[in-house]
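Residue numbers (full-length UniProt numbering), protein chains in the order written: chain A, 1 to 423; chain B, 1 to 423; chain C, 1 to 423; chain D, 1 to 423.
One or more of the hints may lead you astray.
Each pair may be met inside one copy or between any two copies, as identical chains are not told apart.
[What the hints assert, rightly or not] Straight-line Cα separation of at most 27 Å, DSSO-like style, residue types lysine-lysine; simulated pairs: (1) 61 <-> 145; (2) 362 <-> 107; (3) 354 <-> 24; (4) 403 <-> 112; (5) 29 <-> 381; (6) 61 <-> 136; (7) 403 <-> 28; (8) 237 <-> 198; (9) 209 <-> 237; (10) 24 <-> 381; (11) 28 <-> 237; (12) 381 <-> 354; (13) 24 <-> 198; (14) 362 <-> 403; (15) 136 <-> 403; (16) 29 <-> 403; (17) 28 <-> 381; (18) 112 <-> 4; (19) 362 <-> 61.
Everything labelled a hint here was simulated from the structure, so no lab data went into it.
Number of protein chains: 4
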Amino acid sequence: MQIKNTAINDLNSGLLLDHEENLKLLSKKHQNLEQIIDVIANYNIAIPSWALGAGGTRFGKFGFGGEPSTLEQKIEDIAVINTLTKSANAISLHIPWDIPKDPEGIKATAEKLGIQFDAMNSNTFQDQEDQEYSYKFGSLCHTDKSVRDQAVAHNKEVIDYGVALGSKSLTVWLADGSNFPGQLNFRRAFENTLSSLKEIYAHLPSDWKLFIEYKPYEPNFYSMVIQDWGTSHMLAKDLGEQAYTLVDLGHHLPNTNIEHIVATLMTRGMLGGFHFNDSKYGDDDLSVGVIKPYQLFLIFNELVFGMQNNPANNPIPAWMIDASHNLKDPLEDLIQSIEAIETAYAKALLIDQKALESAQLKNDVASAQRILQDAFNTDVKTILAEARRRNGGAIDPILAYRKLDVRNQLIKERGMNSSATGL
Amino acid sequence: MQIKNTAINDLNSGLLLDHEENLKLLSKKHQNLEQIIDVIANYNIAIPSWALGAGGTRFGKFGFGGEPSTLEQKIEDIAVINTLTKSANAISLHIPWDIPKDPEGIKATAEKLGIQFDAMNSNTFQDQEDQEYSYKFGSLCHTDKSVRDQAVAHNKEVIDYGVALGSKSLTVWLADGSNFPGQLNFRRAFENTLSSLKEIYAHLPSDWKLFIEYKPYEPNFYSMVIQDWGTSHMLAKDLGEQAYTLVDLGHHLPNTNIEHIVATLMTRGMLGGFHFNDSKYGDDDLSVGVIKPYQLFLIFNELVFGMQNNPANNPIPAWMIDASHNLKDPLEDLIQSIEAIETAYAKALLIDQKALESAQLKNDVASAQRILQDAFNTDVKTILAEARRRNGGAIDPILAYRKLDVRNQLIKERGMNSSATGL
Amino acid sequence: MQIKNTAINDLNSGLLLDHEENLKLLSKKHQNLEQIIDVIANYNIAIPSWALGAGGTRFGKFGFGGEPSTLEQKIEDIAVINTLTKSANAISLHIPWDIPKDPEGIKATAEKLGIQFDAMNSNTFQDQEDQEYSYKFGSLCHTDKSVRDQAVAHNKEVIDYGVALGSKSLTVWLADGSNFPGQLNFRRAFENTLSSLKEIYAHLPSDWKLFIEYKPYEPNFYSMVIQDWGTSHMLAKDLGEQAYTLVDLGHHLPNTNIEHIVATLMTRGMLGGFHFNDSKYGDDDLSVGVIKPYQLFLIFNELVFGMQNNPANNPIPAWMIDASHNLKDPLEDLIQSIEAIETAYAKALLIDQKALESAQLKNDVASAQRILQDAFNTDVKTILAEARRRNGGAIDPILAYRKLDVRNQLIKERGMNSSATGL
Amino acid sequence: MQIKNTAINDLNSGLLLDHEENLKLLSKKHQNLEQIIDVIANYNIAIPSWALGAGGTRFGKFGFGGEPSTLEQKIEDIAVINTLTKSANAISLHIPWDIPKDPEGIKATAEKLGIQFDAMNSNTFQDQEDQEYSYKFGSLCHTDKSVRDQAVAHNKEVIDYGVALGSKSLTVWLADGSNFPGQLNFRRAFENTLSSLKEIYAHLPSDWKLFIEYKPYEPNFYSMVIQDWGTSHMLAKDLGEQAYTLVDLGHHLPNTNIEHIVATLMTRGMLGGFHFNDSKYGDDDLSVGVIKPYQLFLIFNELVFGMQNNPANNPIPAWMIDASHNLKDPLEDLIQSIEAIETAYAKALLIDQKALESAQLKNDVASAQRILQDAFNTDVKTILAEARRRNGGAIDPILAYRKLDVRNQLIKERGMNSSATGL
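In isolation and in its complexed conformation, chain A is listed as follows:
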């Protein structure tokens, strides 16, 4: 299904009066409001192809009606989100869950719907039916060269799919690791991984980037080959200038200061990508901003600073939502995640950077704290709404989604028991 612009306009019209009053008030208080609206209006976050279906845990998965069962339907779902939010103009494809059998056709479909192809994602953490070797004991790190070769070949194939679709980057997330002390030799695993990555890197087109994700645990529960940003960074430096580290918010040990890692990577120009989600315990993959919105704001503070002060030429990171949606309608969930990301971004843009720097240089800690909190405590709903409105999106996207009865229409189209590929 597609949402018509007129439908959105109709819905907006009822909210416009209030919105404009709020906007006027806000602009009186914040001189750089126009600029902030502009930044938000131009901001887009990629949606992964596996986020449109029911995610689950090892204890089970609860489906819902109208799940997209083809890649085309997934792209349609993203277009629905994008039409409402004007902030989700790209899909991040997962292979082999979403192999584009007809790349040209898919590309055309996506283009018609205004959707681009962001970073490609390979998968060497599951066995596929037709696969010769198993990844039970690792892929790029495996002790057996045949397994490594198979995993390398898969990654090259994913790059090739990406080239056909117009993507410009590959994200490698490895589940490789061990569950039991003694199971693997850390050094051998590291060196095998590095050498496998070198082969993949060699296949990378010159205008592509390679993002190396890290994770301390899960699905392996004793060690993960790329356990932290230090290891990812070490690998990226060894590979070459097209390799970067990718930060996934959920991939950290308890209490990690993630914003500090972000700052360090940007200082060195090494932050390539960013996966958004939220969590309380581990890689919980909850919707963005539901547990620690202040941490997200502090991270955006570093991102804003890093993008505005960039001697090391850090590229604009590839932004993606990587949450799992078990209890909410995934489309509502993604809309709420987008809102949470943009809320944090807008608040970070409100920080008075000059005053902050001055307080920092004087070690006036109370003032520095107040500057951050004043920005954080500002209600930026109107900024987001205005950014969307200017692009033709909905002032209140969740409200619009419900008023337009999208889910029921999708159920009508696709049935109650359709099922998406993915976790």
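With chain A fixed as given, assemble chains B, C and D onto it according to the hints.
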């Protein structure tokens, strides 16, 4: 398949000389050795019916050959373990994964193989195909009474199955909770759960026990209705004298002092059951003793003390292994887990309790530490071997398992692609 | 030093126009605004006597000028905070750091300054110079009855001081525990503690409350006798109706769902007191709201619900700030903490409880999330300012504090090297 | 006081018969026993000058009798430990707690007692009385160049002291960081730190090494400038070939896989130093091996592998105990720590590396686990005793320490209320 006693005797005979020498030496050093061998020889740990197949994570599951696909085959697998270790004479059944369609027949099969029926486990964390209401938003805590009634009825049914099989207890583990702040009202959820549990408790035969498990997170990642031992204990006290708390080693927040919880519960006579596994990060469900064997020893120190000094009449806890086996042959894994448990138990029995008490009363911390560590550093392999040998088990069960080529025989019997119910 | 009302009025007058405009706008959007302002205006948080000096870590302590070196000066400092914020009308006394040598005189001083005496705090975690027995190996839990008797006597003395001053409650925080496995016997320690507490409880006037604090670690790093709310609750139930659990935000293991604990305690009428601070790693004792303001908001959501729906007759908890102030002027720090607490409280009061309940009953998770976040994202600065203004306090207390140059005046009065008792 | 060799021989003689029998038995079972005894006999761990006094927490410190109050007495204490254990032939000096006013004299004293000077430690986390600028807001990272200069100068001075004493390395541990979000700019802090370190590095003699310690938190509770090994490694690479990372076991977030970090650093030849202690919650600084002896064993497994397989030319790490001793006699505590370290080392040396490699290459996980656990479960007390005995040390050092009544003699010499510099 079944292992013959003669086969074990043959395998033992080659190891006997060394073993007897070791035993002689050990008995010179430890005066109470006979007593310890006796305790270990009489110790048994239940095997859950879901531990015989390939467990997995949300990222996937790697199967293996010869998985048991019926309840009968699962009981046979446990009998194999028991024949080798003489320490696994019971199965803990999970309903509905392993509904005994013919309870009498199953009971007879089990009896023939020397296997009893330990605590029954209900499941209200997954939806079954024929189920009227979904547990997507909880079961015993659900806002809708119809869902609660269905979950209560299921638990009663599980009790009935258990009565038919000769079990004497029900373990209730609830996944109930929430992923998002605001999703549920904590008080309402608690009170619904208590009232549901009361209905289940009312159905309990007078010689049964009810074990209430707790867990801080997973599969819900914001809150769990029974998040800690304090909540479980509160519920158990409200229910009555047949209700107890069950401790699963993996169900704790980082750094929890579990042995302290064990001691507190036993002080009040409230420790009903115990699920063994090991973990580094969360509920990793690794084989017992692979990450924190010293913690396991400290826990057994409390268990031994609690069983030997028992004014509050704590029952002997129901012991069960609750690990997930993704990378090892599950039977080898369970044998290794049993060895790890008995290793910790035997070491705890070696602690000089009088000397320890005396050091504690004088606050001679260095001595107290030394007493524990001397016991822990003792090699108790021979004690375990002797306990098994006396019961007709294998001196070296893993070696025996491999020499007898059990897995290949199971594959021959059941095929490469058989598949067990479970996680 | 004391701040005059006219000085505050002068400072307010410059901010009044903007403030009134903001207030008008806010009242248009929120129908129950008056009510919320009222609640905030009547809200007070106790300041502990040890929070006015430089706190530190084991690595050292950095002093600052104008520290209060007598109890009178500490009360004066709190009066400064209260004059500005109108939310800190009580002191929580720590014995023996702040023994009132002349209780009548101190009481009169405090009364003149509008300061009351909230919960008394005992200290059996440090040795005092004239003390007969050492608390090196514990106090209420000690293996030696003489030590326990001394600790019990100290607590009784603290109650007596409190009676003289008009306090109505005693907070017992025990550092008792162990650093090394084997050091103490958990059961004996628990039973000694319970029996000591019973003696203290017996000395409690009938209109007093006893608050039992819990903490998982520090200063003992293996075990703490009262490690969690479950243990505190067990002790309180054993003591009787005047005993309650006290929650200190920093006293939890990583990732603990504190708001859930708060809800459980209030469900049973057992939440007696509340210590505010913030932390990222452990008991970091940072100013309130600097790390996890959303968690604080969720906690207040439970407190508001619990106070508005109170069949178990939970008393209004004793509120206290318990933060350590190493880098900021402690008075500024406490003012910022008060603002953070009231911010969370005001936002929690903005939650549409009826809409939330309705969403919860329908398991409309996305709506429930939105209702919480809408409240949280509202800027409540104006509500706090108005609540203060109506009571004669400062619209912007930090600004007032700086404009009035309080710290320099205190330095002039007390010198650069005065030093307060405390941690 | 000094312990005479004859005294040790006398004490050993009573234990010799049993010891030799145990040794004979062990040598029958382990062919490479002689080699292992040799390695242990040649192993030494440095004792820091601050470990001989009573350490404490922010809540207080409990002294004990006979504390060394001069550097000479500290060296004497280490000599006592070394005479008993023959494994502590070096002191690691902390400046300014232990400034050698007469370097030549101190050097001679130490030499006479057989004690060398290991890594020097600087201190820019506390203010000293005569200091011009405060480190309240950092040292090498400070926003004010004057403060940085002062901290750099201090480090150069520490190097100079070290040169005079014959030390060959400097350990830099920085407390620099922040307690409050916004307090410092991460990038500026990092770059200031790097540039300060460069100045210190330039002062380093060509045969010296620089060790950069990392720590995630404490005493700063929001951010630490060198928060993890990745940051330390980045700095070391920037400085040059004499710079290395130093691992302190307590300086990690919950659940960190430290052995994996050790392996990664050794793979790159970047592990310079190692601080031993144990902990359950944070940087608890408990005696080695009391909480997680299996983790220590796994770490030694990596160290042994890294030292035996060393293409990247990792230097032999500088070993030091860094524990704090609040409840035990510090000398007993250090002896127990040494025993725990050597126990882990000896067990790691017992691992059958060839069998392990073979199991790893076949992904025979159960065997790999068994190989590690067989080594870990071996009682190596006799190996340690024999290594000590051959060097003239005590078969049972704690027993000897008590029989020789060392503490009481120290109290006689130094009094009950002597007090050491340090934390």
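Checked hints:
Taking the shortest alpha-carbon separations for residue 61 and residue 145, only the inter-copy value of 22 Å comes in at or below 27 Å, while the best intra-copy value is 35 Å. In this homomeric assembly, residue 362 and residue 107 never come within 27 Å of each other (Cα to Cα): the closest approach is 54 Å inside a single copy and 40 Å across copies. When the C-alpha separation of residue 354 and residue 24 is checked against a cutoff of 27 Å, the pair qualifies only within one copy, where the shortest distance is 25 Å, while the shortest distance between copies is 31 Å. Taking the closest pair of Cα atoms, residue 403 and residue 112 come within 27 Å of each other only inside a single copy of the chain (25 Å); across copies the shortest separation is 61 Å, beyond that limit.
Proximity of residue 29 and residue 381 under a CA criterion of 27 Å is satisfied in both settings, with 15 Å inside one chain copy and 14 Å between copies. In this assembly of identical chains, the alpha carbons of residue 61 and residue 136 lie at most 27 Å apart whether taken from the same copy (23 Å) or from different copies (9 Å). Proximity of residue 403 and residue 28 under a CA criterion of 27 Å is satisfied inter-copy only: 26 Å between copies versus 32 Å inside one chain copy. When the C-alpha separation of residue 237 and residue 198 is checked against a cutoff of 27 Å, the pair qualifies both within a copy, at 11 Å, and between copies, at 22 Å.
With identical chains, the CA atoms of residue 209 and residue 237 are at most 27 Å apart both within one copy (13 Å) and between copies (24 Å). Taking the closest pair of Cα atoms, residue 24 and residue 381 come within 27 Å of each other both inside a single copy (13 Å) and across two copies (19 Å). With identical chains, the CA atoms of residue 28 and residue 237 are never at most 27 Å apart, being 47 Å at best within one copy and 50 Å at best between copies. For a Cα distance limit of 27 Å, the shortest separation of residue 381 from residue 354 qualifies both inside one copy, at 24 Å, and across copies, at 23 Å.
In this homomeric assembly, residue 24 and residue 198 never come within 27 Å of each other (Cα to Cα): the closest approach is 55 Å inside a single copy and 52 Å across copies. Proximity of residue 362 to residue 403 under the C-alpha cut-off of 27 Å is restricted to the inter-copy arrangement: shortest distance 18 Å between copies versus 52 Å within a copy. For the identical chains of this complex, residue 136 and residue 403 are inter-copy neighbours only, at 25 Å across copies versus 47 Å inside a copy, given an alpha-carbon limit of 27 Å. Taking the shortest alpha-carbon separations for residue 29 and residue 403, only the inter-copy value of 23 Å comes in at or below 27 Å, while the best intra-copy value is 33 Å.
Both within a single protomer and between protomers do residue 28 and residue 381 lie at most 27 Å apart by alpha-carbon distance, with minima of 16 Å and 17 Å respectively. Within a single copy, residue 112 and residue 4 get their C-alpha atoms as close as 14 Å, which meets the 27 Å cut-off; across copies the closest is 69 Å, which misses it. For the identical chains of this complex, residue 362 and residue 61 are inter-copy neighbours only, at 20 Å across copies versus 53 Å inside a copy, given an alpha-carbon limit of 27 Å.
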